[in-house]
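Based on these hints, arrange chain B on the given structure of chain A.
Number of protein chains: 2
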Amino acid sequence: MKQHIIEPRILKGFRDFLPDAQIIRERILSTLEKVYRRYGFVPIDTPILEYTEVLLGKGGGETDKQIYRFEDNGGRDVSMRFDLTVPFARFMAGHYNELYLPFKRYHIGKVFRGENTQRGRFREFIQCDFDIVGTDTASADFEILQVMVRSFQALDLSRVTVRCAHRGVFNRFLRNLGISDRSAEVLRTVDKRHKIGTAETRALLTEFLSDDHADQIVSYIAPEADNQATLKKITALAGGPDEDSLRLETVLDLACETGIDSSIVLDPSITRGLDYYTGIVFETFLDDLPEIGSVCSGGRYNDLASLYTRQHLPGVGSSVGLDRLVAALDELGSFSENVPSVEVLVFQIEQEHLSRYHQIAEMLRVKGFSVEVFPEAKKIQQQFSYAEKKGIPVGVICGGREIQDGVVNLKNLETRENREGVSLDQSAAVLEELLPYRQGSVT
Amino acid sequence: MKQHIIEPRILKGFRDFLPDAQIIRERILSTLEKVYRRYGFVPIDTPILEYTEVLLGKGGGETDKQIYRFEDNGGRDVSMRFDLTVPFARFMAGHYNELYLPFKRYHIGKVFRGENTQRGRFREFIQCDFDIVGTDTASADFEILQVMVRSFQALDLSRVTVRCAHRGVFNRFLRNLGISDRSAEVLRTVDKRHKIGTAETRALLTEFLSDDHADQIVSYIAPEADNQATLKKITALAGGPDEDSLRLETVLDLACETGIDSSIVLDPSITRGLDYYTGIVFETFLDDLPEIGSVCSGGRYNDLASLYTRQHLPGVGSSVGLDRLVAALDELGSFSENVPSVEVLVFQIEQEHLSRYHQIAEMLRVKGFSVEVFPEAKKIQQQFSYAEKKGIPVGVICGGREIQDGVVNLKNLETRENREGVSLDQSAAVLEELLPYRQGSVT
Chain A
0 MKQHIIEPRI LKGFRDFLPD AQIIRERILS TLEKVYRRYG FVPIDTPILE YTEVLLGKGG
60 GETDKQIYRF EDNGGRDVSM RFDLTVPFAR FMAGHYNELY LPFKRYHIGK VFRGENTQRG
120 RFREFIQCDF DIVGTDTASA DFEILQVMVR SFQALDLSRV TVRCAHRGVF NRFLRNLGIS
180 DRSAEVLRTV DKRHKIGTAE TRALLTEFLS DDHADQIVSY IAPEADNQAT LKKITALAGG
240 PDEDSLRLET VLDLACETGI DSSIVLDPSI TRGLDYYTGI VFETFLDDLP EIGSVCSGGR
300 YNDLASLYTR QHLPGVGSSV GLDRLVAALD ELGSFSENVP SVEVLVFQIE QEHLSRYHQI
360 AEMLRVKGFS VEVFPEAKKI QQQFSYAEKK GIPVGVICGG REIQDGVVNL KNLETRENRE
420 GVSLDQSAAV LEELLPYRQG SVT
Chain B
0 MKQHIIEPRI LKGFRDFLPD AQIIRERILS TLEKVYRRYG FVPIDTPILE YTEVLLGKGG
60 GETDKQIYRF EDNGGRDVSM RFDLTVPFAR FMAGHYNELY LPFKRYHIGK VFRGENTQRG
120 RFREFIQCDF DIVGTDTASA DFEILQVMVR SFQALDLSRV TVRCAHRGVF NRFLRNLGIS
180 DRSAEVLRTV DKRHKIGTAE TRALLTEFLS DDHADQIVSY IAPEADNQAT LKKITALAGG
240 PDEDSLRLET VLDLACETGI DSSIVLDPSI TRGLDYYTGI VFETFLDDLP EIGSVCSGGR
300 YNDLASLYTR QHLPGVGSSV GLDRLVAALD ELGSFSENVP SVEVLVFQIE QEHLSRYHQI
360 AEMLRVKGFS VEVFPEAKKI QQQFSYAEKK GIPVGVICGG REIQDGVVNL KNLETRENRE
420 GVSLDQSAAV LEELLPYRQG SVT
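Just so you know, the protein sequences line up as chains A and B, in that order.
Numbered per numbering that gives the first Met the number 0, the first sequence spans residues 0 to 442.
Numbered per numbering that gives the first Met the number 0, the second sequence spans residues 0 to 442.
No lab work stands behind these hints: they were computed from the structure.
Any given hint could be a false lead.
If chains are identical, the list can't say which one is meant, so a pair holds when it fits in one copy or spans any two.
[Stated by the list, open to error] Think about it this way: if two alpha-carbon atoms lie no more than 30 Å apart in a straight line, the pair counts; the simulated DSSO-like pairs of lysine-lysine are: (1) LYS377 with LYS33; (2) LYS194 with LYS11; (3) LYS33 with LYS109; (4) LYS232 with LYS191; (5) LYS191 with LYS231; (6) LYS11 with LYS109.
In this text, all values refer to a predicted model and were calculated from it rather than measured experimentally.
Chain A on its own, in the form it takes in the complex:
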């Protein structure tokens, strides 16, 4: 009569999250959301599944192979979203008349790509995007940088550097050199500087440029001693001040005047891909973990939704990859002093007092604690073991005698410190003493 057992496997590149990991992920997301909201960004959501035509445009092209694409039961050609930018463009075009401009949105959601998992890539992962569309201003550019810096500070990752550059200034510099036609190759090469170093970058450039042009580019992309000096140099190399260099200057001034300039470096080697961005571009590196790469990147684009509408929608935005952030926080030991997910376990010592145990639990919850009652009167060692595995720091342990006397015994399950015969009125205060991170938080 035994039935066949199906192996409980999951797809490669997809993941389960057990409570300890999921709690950290939720805490990071909720911290980010609080910062976004504090700066006036509001949330949206869009479907996981969309028409393939909408997500890929007419052609599709190279991305195609990485897309989860299929025909649904109604014969429609559908795909799972592979980023949050394309759905946002479609969203802005579709809801243009219900919205207002500038529109500041954030969007946290799962995206799907059939990546090669051998490179440690995931096929399902969470992105957190925030953008300001409908305004082409230094104020908006600056605000995105500001939110990035403040987000990492809120995550206790204050040692962070946002490296920014301006695609317009770079392009004018290349025009000045008379090598605009090679700009794609130049951008692609320069983008490698952080990985391969300046000498190697120069060597690669000389493969398709003259030594003089390579030298000028190497000079252009090297940050100077401070942002002002870098700005002055690239402005001169690009042929003098113009709208783009003035925009950069204003953004850097705003950073100074709001005190975030120590986290901002003007780094002309930052290019961010080839087509999409038209203005400021930026990447974010953790000073203590530069090797994991950019944890938050983005830039200004000229027109978000031209595939779907003739409305012109310039914007600026940035995207955080949750996985890289989790890895970084883990590596740096942040979040290591974890607030426990459950604070108190009420032991079930004698089954006949079950309702009393539930009353005690409920009383403590009203005082703001997270509390559970062990559901069976199992051996006390099993209940201790449960508390340990779940990381519950305090136990309420009382049998018939304590219940008769209207008191409880409280035990710090880690230090084994006991507080016996505590009256119910006093229990919240004593609990607070047993939970060090709690000091002063009981309401």
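Chain B alone, transformed into the frame defined by chain A:
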């Protein structure tokens, strides 16, 4: 040169959520999470996409047509999850050795079904499940009921009734009548009582049962004046007390002794489907909106993960449908006194003072307000209009003169109440006065 425009359409049964709607959805979810956490439930997450074999079991059967199922680029037969129960079963089987029992988890996530959209059904929707597995006890049954009641109270939906019954007691009653072989039809018919009324239920029963049996069933399923009387009646009709009736009694006692009994009704006509549940079952109705049906349902099952493991995992759990809850809160006018998503707009009156505007905004954010700076020095009427559309209640309006004097003008944009020449030190306190829901909240 104009390119073809792709219509920014979305799939039928799928939805975009604009900020106002998304904010409410997030607030509901975060309220539910807080309650779950307070009762010791911890979060997990699982993939949206899984092996079809894992989600559907060997056969598949009727559910099949509603599943988004396809072959991925690696030739695997995959499906998008259609609920959170099957992935939870697979999760428990796969991580059995990493977990502890009892395991109390909640899971909030999107699920997908190719439902007939003409019946107002959605093809992508969010479920919030919470379960306790690894213990077959009254304490766990009760705790699920308790979390349900407390969840709705936390959402300001205190006028709620959880209707519960016990499948075991009902089955024994049918055995006693000698009609166990008709139990599927009986359960299916009885389940309709709330929609069609008692007389019609009896008529349907007599189509396949004797008048006497139909009368006995109608008598069994009618709640009495109070839960004790109902319990006494069904216990007698089932042949006297046994383990199942004692379990029900203990659960009801716990409800009394923790003060949630006024929200719990023993209603023997609740059956919840045919196969899955084996013990207590429940549905939750809003007293002011019974017609929308159950907003939270569940019950006890004998073995969660038998498809994937020989480990025996009894459990009890419940599931909240977010959409129904949103509809109810909307209908009842809850959440209507909305806390605004952004509290303060700093107007950009003169572009030359942009950095000052950003400084003021940052100062107010440090005081705990949600603030944005209008990114362009547009006509003041356009900035007013932006604030109105976004629902921002207060404006900070200052030109060169105020900036020189180190003061700000604050304006309640709804009442047009002005506070002029407020010093920066005083601005947080004055803002608090202008934001009534804020009283006493500034840190």
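Which of the numbered hints are not met once you compare them with the structure shown? none
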